[in-house]
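Assemble chain B onto chain A, guided by the hints.
There are 2 protein chains.
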Amino acid sequence: MHLQRVAAPLGSGSVAASRFDELLRRLGEISDLEHASSLLSWDMETKMPPLGAPARAEQLGTLARIAHELGTAPELGALLEELREVEAGADPESFEASVIRVGRRDYDKKRRVPSELQAEMTRAASLGYRGWLEAREAGDFEIFRPHLERRIALAREYVACYEPYDDPYDVLLEDHEPGMRTADVESVFARLKGELVPLVAGIEDPVDDSCVRGDFPEERQREFSLEVLARWGMDDRAWRLDDTVHPFTSNMSEQDIRLTARFNRDDLMGILSCLHEFGHGLYERQVDERYFRTPLAEGASSSFHESQSRLWENVVGRRLSSWRYFYPRLQELLPGQFGDVALEDFLRALNRVTPGAVRVDADEVTYPLHIVLRFELEREMLAGGLAPADLPEAFDAKLREYLGVEPADVVEGVLQDIHWSDSNFGYFPTYAIGSVIAVQLWERVTSELGDLDADFERGEFGGLSEWLREHVHRWGRAFEPPELLERVVGGPLDAEPYLAYLRGKVEALEPG
Amino acid sequence: MHLQRVAAPLGSGSVAASRFDELLRRLGEISDLEHASSLLSWDMETKMPPLGAPARAEQLGTLARIAHELGTAPELGALLEELREVEAGADPESFEASVIRVGRRDYDKKRRVPSELQAEMTRAASLGYRGWLEAREAGDFEIFRPHLERRIALAREYVACYEPYDDPYDVLLEDHEPGMRTADVESVFARLKGELVPLVAGIEDPVDDSCVRGDFPEERQREFSLEVLARWGMDDRAWRLDDTVHPFTSNMSEQDIRLTARFNRDDLMGILSCLHEFGHGLYERQVDERYFRTPLAEGASSSFHESQSRLWENVVGRRLSSWRYFYPRLQELLPGQFGDVALEDFLRALNRVTPGAVRVDADEVTYPLHIVLRFELEREMLAGGLAPADLPEAFDAKLREYLGVEPADVVEGVLQDIHWSDSNFGYFPTYAIGSVIAVQLWERVTSELGDLDADFERGEFGGLSEWLREHVHRWGRAFEPPELLERVVGGPLDAEPYLAYLRGKVEALEPG
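For the protein sequence lines, the chains are A and B, in the order given. Each residue of the first sequence is one higher than the one before, starting from 3 at the first, in my numbering. Each residue of the second sequence is one higher than the one before, starting from 3 at the first, in my numbering.
Only chain A is shown next, with the shape it has when bound in the complex:
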């Protein structure tokens, strides 16, 4: 089967073909270990009895260590060198050139970091996570501060492994957004801040959203969510939806997609979260099946992934035309709550804009400002201009300045996110970049397919998902995000369509 795939550039039975097959074998093993780890993590978050935790940590540690060993094996490096010629002689879009290119990028990246530093970062992340939990428990930032200091020191050591660079933050960003530069993010975020701070400040009359708060039995919400997702393309042959505490999506192959959800009886956030996770799941589901067991077989980057979840959750999932189709069913399932609520009122409630202190509760319009402030604080801390001891104050000051709100305490303030405790810096920006890309893609889709609202009103979403498959999903990690974006929308990252979209949202809320 492999020979058939590589016949064109390599020649069946040639030495190069057999070396390429050896590369696929090695990369396949790494992929298997990573997907096995995904299952262990998925199970830990959805099914595992609590006392299983210590053993699970050991198992995940062992799988990660072996995957790292295989991924940095000198034999793999030598093989990738041998295959340089094959890569140079092949179309860059071809399967072979892409596997070799991305395989080498991953290899080079992993080799840069000494395994002791890698281990120390893992350890600090685990301690940092526990410190964060304790600090939240005690409502005391000081408990978390030494962990944060340690993590910043390690992040600097990590950054130093990748010298030279233009900006130290580039190194961290590269982990999540290959090819994207801090300067690009900076200019987009400056634009977002400049426009959104006054826009949010100008919203005077809050929408009545009492209809989306109340008593909504979890099982009804699940039933409804599954019906929407089925309409969007989820099926039992390749997908599952399970309960968890903090929803996420993972996959064990492009044919085994696991969404997770948490339904709360007193609001509909669980439904929107399902729509969000679906976007992540569909991306993985529609990666070219030839990429299976290669490093190409996942989304291009964190931002591109987030663009898909935001597109389905927000652009499609909070849209009038979509709800023209789905709302009658929601009314049917929850007649006491929605029987007397007009579609337009429901939709206004769903799109309400209200500044608040908590990122994960934020609406579409205020959300990016939560990200901008975190990006700025991360960069300042990394550069040394902001000491972790001063972080709570700086955090609150920016919340006030950008959103006009004050957190109730440090738990609702600077300690609200897990990210600074257990994962690396450079991840937050991808949440907002994802929203920007989502709207760029949406503009492109509708310019090509025309207004999709008529389709959505009839419950037809296949045109959109097929377009995404063709232009984005199937390419997996074959292209770096800037190149993929250029190919799809014909230009670089651009905040304008997103800002226009957000202005439209705010205008739609203005009373009749």
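There is no bait here: all hints are sound.
Straight-line alpha carbon distances no greater than 25 Å define the calculated DMTMM-like cross-link-like pairs of lysine to aspartate or glutamate that follow:
hint	chain 1	residue 1	chain 2	residue 2
1	A	Lys49	B	Asp237
2	B	Lys49	B	Glu220
3	A	Lys195	A	Glu206
4	B	Lys112	A	Glu71
5	B	Lys400	B	Asp169
6	B	Lys49	A	Glu47
7	B	Lys49	A	Asp245
8	B	Lys507	B	Asp496
9	B	Lys111	B	Asp168
10	B	Lys49	A	Glu300
11	A	Lys49	B	Glu291
12	B	Lys49	B	Glu36
13	A	Lys49	B	Asp244
14	B	Lys49	A	Glu291
Derived from the structure by calculation, the hints contain no laboratory data.
Chain B only, in chain A's frame:
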């Protein structure tokens, strides 16, 4: 932590202690990979969307291959050699001596088989399984025959890796029952056959078991099963029960036990199957926690495992005193079915003896004869005295001779079991040996603790499970089955208590 454990025989900080820690590290990795595989298999049988199958096969293959590599690494062999002195100087019951001894046994065993043969056996098993499915589908043994022939040829090659031996079947048995010999099995099985064939033939008046056939909603059966298991010691912190097609138990550590069940609306087999799986689960749950991540951390053998499942399913689970406690609750949950059925009638139905063609549907008394005939056929095929082409006829002839029954067709006959398709020979006997051991243990428990019926009637089962923990479970794989049996019951494998127990069962069914 390790140093503390090994302080006594090794001396903290000594070279030997550090070599022993290195052994624990290496064995721990293997254990992690094996438990990760267990989770992948568990998920495959309980949760995985069907299209996930091909990727899962690759993942399981990779984990097994890496675990095999680690388990046969020359460095591991050298380490075990270095530690011979430590083993010789330690109490054989000590943690250290046991880990080194069992670690070396596993290493030597794995090293005997060339990896090409191992891979070929895995491949033949996978093809054999598919051939078996096809043969069942078509109702044609001839489709399966070449697979069986191939598997017998490979089994002979496998056996040859372990020369010298007294009996080729010893080699296969050793995979499941370390230290047990074919001659031991032969003499126990001769005794079973001699006694049970006439006993079964003499049963004239079948018991009316219509009360255990009917309409029993699956959810009620699950609820009842969970209540029984909770009473027996299952809890949500360390156990789960999930649905599957063919029930099994697996565990990811001694603190993460996964039972599976299949409830059918028209009978109560699902409940009994839960009681069975509980026995397996409790065994793993009660292994000494110091054995975690070592090769000691599982049951001593297939027979010992089966002895536990049979003990809880049959000796306890089909017992009058147990049902005096549980039956009122079953009546409460299924009032339409059991409201008017007297406990004694229910119990007679549960213990009905009726010869049939299908092993997995067999009652306690006829069951061992299904095993004896398979053991005899396996040995004949391996020795070459019986050609696979003649297996269907030989199978039916033995069914007639031992049980007086005739299968409806080959699917109900020789093709009924999966075992000859996908696993190695030598496993079937452990099912019956397990029942024999179960009753030997039961005799011993009651001779020490006295009649447990009064406890059971009050719903108290902790005395039994604690006795099992102390004498059997906590030792894991530290002792080979014959030694463990000798320690616990003070003698070798003995069919007599089991035969007396079965005679008692038959007598209890006689009217009036």
